[in-house]
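Protein sequence lines correspond, in order, to chains A and B. Going by the working numbering, the letters in the first sequence line up with residues 43 to 286, in that order. Going by the working numbering, the letters in the second sequence line up with residues 588 to 788, in that order.
Since the hints were derived computationally from the structure, they do not count as laboratory data. Every residue gets a Cβ at the ideal spot worked out from N, C-alpha and C, and that includes glycine. Accuracy of the hints is not assured; some may be wrong.
[As the list claims (entries may be wrong)] Calculated pairs, EDC-like style, for lysine to aspartate or glutamate (alpha carbon to alpha carbon, straight line, at most 20 Å): (1) Lys224(A) with Glu245(A); (2) Lys197(A) with Asp698(B); (3) Lys59(A) with Asp159(A); (4) Lys197(A) with Glu245(A); (5) Lys121(A) with Asp648(B); (6) Lys121(A) with Asp636(B); (7) Lys267(A) with Asp698(B).
[To be verified] What follows is a set of in silico ranges between Cβ atoms, one per label pair, in the way DEER data are often shown: (8) Arg689(B) with Lys121(A): 28 to 34 Å; (9) Val703(B) with Lys224(A): 19 to 25 Å; (10) Met588(B) with Asp238(A): 45 to 51 Å; (11) Ala64(A) with Ala682(B): 45 to 51 Å; (12) Leu714(B) with Glu125(A): 40 to 46 Å; (13) Val156(A) with Val613(B): 31 to 37 Å; (14) Asp645(B) with Ile152(A): 50 to 56 Å; (15) Asn148(A) with Gln690(B): 55 to 61 Å; (16) Val703(B) with Arg91(A): 31 to 37 Å; (17) Arg614(B) with Lys52(A): 37 to 43 Å; (18) Glu65(A) with Leu714(B): 55 to 61 Å; (19) Gln690(B) with Arg91(A): 45 to 51 Å; (20) Arg614(B) with Pro213(A): 52 to 58 Å; (21) Lys121(A) with Ala718(B): 28 to 34 Å.
[To be verified] So, partial list: chain A residues that the calculated Cβ filter (under 10 Å) puts toward chain B: (22) Asn168; (23) Tyr169; (24) Asp171; (25) Ala237; (26) Lys285; (27) Val286.
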Amino acid sequence: MDKTTHFGYKQVAESEKAAKVAEVFHSVAAQYDIMNDLMSAGLHRLWKRFAVAQAGLRPGMRVLDVAGGTADLTRLFLKEVGETGTVLLTDINFSMLREGRDRMLNEGRIPPTVQCDGERLPFPDNYFDCVSVAFGLRNMTHKDQALAEMNRVLKPGGRLLVLEFSKVWKPLEPAYDLYSFKLLPLMGKLVAKDADSYQYLAESIRMHPGQEELKTMMEAAGFAKVSYHNLTAGVVALHKGFKV
Amino acid sequence: MIAEALIERSLNHLLRQSPGAAEALVRHAGRSVRFDLTLAQVDFRIADDGCFSEAAVDTPDAVIRPTPALVARLPFFGREALRQADYSGDPALLATLDRVFRQLDWDVEADLAPLVGDIAAHRLHALGRDALAGLAHAAAALGHNAGEYVVEEAELMARAIDVARFNHDVDALADDVARLDARLHLLEARPPEQDAQPRTA
């Protein structure tokens with residue numbers, strides 16, 4: 043019998059989760075950026091800039107943006123690595139990837155774009171200087187496997203950045219819950235015409251490992267010197283680890 | 588996390604701005620350097636391009652400890668202040684690091700230009716440079732004056748308690764003089780015949 047995993051608060055067969063997540067992102071892809079700005083009051087841009095500032099990139103470096111979707115991070119990474127560097131934009135979801143690729147094309151840039159599963163990366167060992175996954179790990183069925191894959195494709199000394207929703211500061215929890223479970227689905231319904239996807243977003247955030255738990259998972263996947271930094275009182279946390 | 592990224596970014600930026608600096612470090616690629624900031628330790632490995640890359644390091648090849656004297660002198664003496672840091676570890680790597688750090692040169696004007704334009708960047712840089720030079724001059728003059736005061740003038744200066752005592756003595760003397768003056772006036776005002784009579788016990 044197929045193992046089960048969580049899809050928001052629901053339990054589904056592991057083999058079904060990817061398809062269900064894909065359904066969510068197919069549905070929201072077109073309105074994804076507007077909804078991000080709306081939901082976070084633009085803060086997601088600062089979170090992403092902070093993450094890129096921690097990447098320690100220099101011209102000529104090779105970066106993998108896992109679950110890069112609409113290419114927010116890819117665009118920032120490209121500025122850091124310059125003409126001599128490479129940034130690979132990847133996502134498992136074609137609708138999201140198409141949004142990102144088209145956005146880059148409209149800006150006159152053609153970065154390599156690959157549709158692939160973060161749990162089975164089609165890249166050689168020890169290949170990238172930096173791997174990032176922003177708001178993507180939460181949706182992966184086997185997070186430990188995905189982290190191990192990211193470790194595999196990183197060069198020794200390379201760094202992994204995981205930007206993800208996390209456990210908010212305790213006193214803010216009631217207000218955050220109210221916002222997540224009442225306002226988010228309403229915004230999703232009004233703007234993206236899809237309340238269910240944003241209900242899933244709120245639920246999946248609650249099911250995602252907290253700061254310390256994710257740190258332990260990264261260490262178990264082989265990363266060293268793992269640290270994290272809470273952003274906006276822990277609404278989001280940036281984890282950083284190094285391949286040794 | 589923020590401090591590491593800030594140091595890494597700043598150092599690499601300076602390395603890129605200083606011709607030959609990164610190239611000098613290339614032959615030490617793969618070696619590790621720890622900046623021991625007392626409250627935190629920041630570890631870097633020298634990358635293939637000679638830049639610093641934050642890394643997980645158990646035993647660093649070189650350790651650099653900035654001292655309070657370095658921090659105090661850095662704004663005024665720049666690279667010269669680097670002599671105040673403590674260095675330990677591999678001598679060859681330390682010698683290169685010392686040479687590279689001395690040749691680091693922050694081109695402030697080049698960094699400001701994209702933000703405010705060339706002319707404003709030039710003027711802001713000149714203004715900042717003059718202000719720092721003025722501050723350094725003021726600090727040096729203050730130090731010189733303080734030293735001179737301690738060595739030469741302190742003994743010549745009256746203490747507050749001495750001044751108070753002197754003022755008190757002057758007041759007492761003034762009172763005595765006033766009393767004497769009043770007595771003389773009284774004596775001068777007496778009739779002469781009274782003075783001629785002999786005094787009796």
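Against the structure, the hints come out as follows:
1. Lys224(A) with Glu245(A): Given that 20 Å is the threshold and the Cα spacing comes to 12 Å, the pair holds.
2. Lys197(A) with Asp698(B): At roughly 31 Å apart (the allowed maximum being 20 Å), Asp698(B) and Lys197(A) break the hint.
3. Lys59(A) with Asp159(A): Holds. Lys59(A) to Asp159(A) sits at ~13 Å (cutoff 20 Å).
4. Lys197(A) with Glu245(A): Not OK: Lys197(A) and Glu245(A) at ~35 Å, beyond 20 Å, violated.
5. Lys121(A) with Asp648(B): Measuring from Cα to Cα gives roughly 32 Å; hence the hint is violated.
6. Lys121(A) with Asp636(B): Given that 20 Å is the threshold and the Cα spacing comes to 18 Å, the pair holds.
7. Lys267(A) with Asp698(B): violated (32 Å)
8. Arg689(B) with Lys121(A): 28 to 34 Å: holds (31 Å)
9. Val703(B) with Lys224(A): 19 to 25 Å: Given range 19 to 25 Å: violated, Cβ gap about 46 Å.
10. Met588(B) with Asp238(A): 45 to 51 Å: violated (36 Å)
11. Ala64(A) with Ala682(B): 45 to 51 Å: Violated: the Cβ-Cβ distance is about 57 Å, outside 45 to 51 Å.
12. Leu714(B) with Glu125(A): 40 to 46 Å: Roughly 35 Å apart at Cβ, these two residues miss the hinted range, so it is violated.
13. Val156(A) with Val613(B): 31 to 37 Å: holds (33 Å)
14. Asp645(B) with Ile152(A): 50 to 56 Å: At roughly 42 Å between Cβ atoms, Ile152(A) and Asp645(B) fall outside 50 to 56 Å, so the hint is violated.
15. Asn148(A) with Gln690(B): 55 to 61 Å: Since Asn148(A) and Gln690(B) have Cβ atoms about 44 Å apart, the given range 55 to 61 Å is violated.
16. Val703(B) with Arg91(A): 31 to 37 Å: violated (21 Å)
17. Arg614(B) with Lys52(A): 37 to 43 Å: violated (58 Å)
18. Glu65(A) with Leu714(B): 55 to 61 Å: holds (60 Å)
19. Gln690(B) with Arg91(A): 45 to 51 Å: With Cβ atoms ~32 Å apart, the hint is violated.
20. Arg614(B) with Pro213(A): 52 to 58 Å: Holds, at about 54 Å.
21. Lys121(A) with Ala718(B): 28 to 34 Å: holds (32 Å)
22. Asn168: violated (14 Å)
23. Tyr169: The hint is violated - Tyr169(A) has no Cβ within 10 Å of chain B, the shortest such distance being about 15 Å.
24. Asp171: Result: holds, 9 Å to nearest chain B Cβ.
25. Ala237: violated (36 Å)
26. Lys285: holds (9 Å)
27. Val286: holds (6 Å)
Hints 2, 4, 5, 7, 9, 10, 11, 12, 14, 15, 16, 17, 19, 22, 23 and 25 from the list above are not met by this structure, while the remaining hints are.
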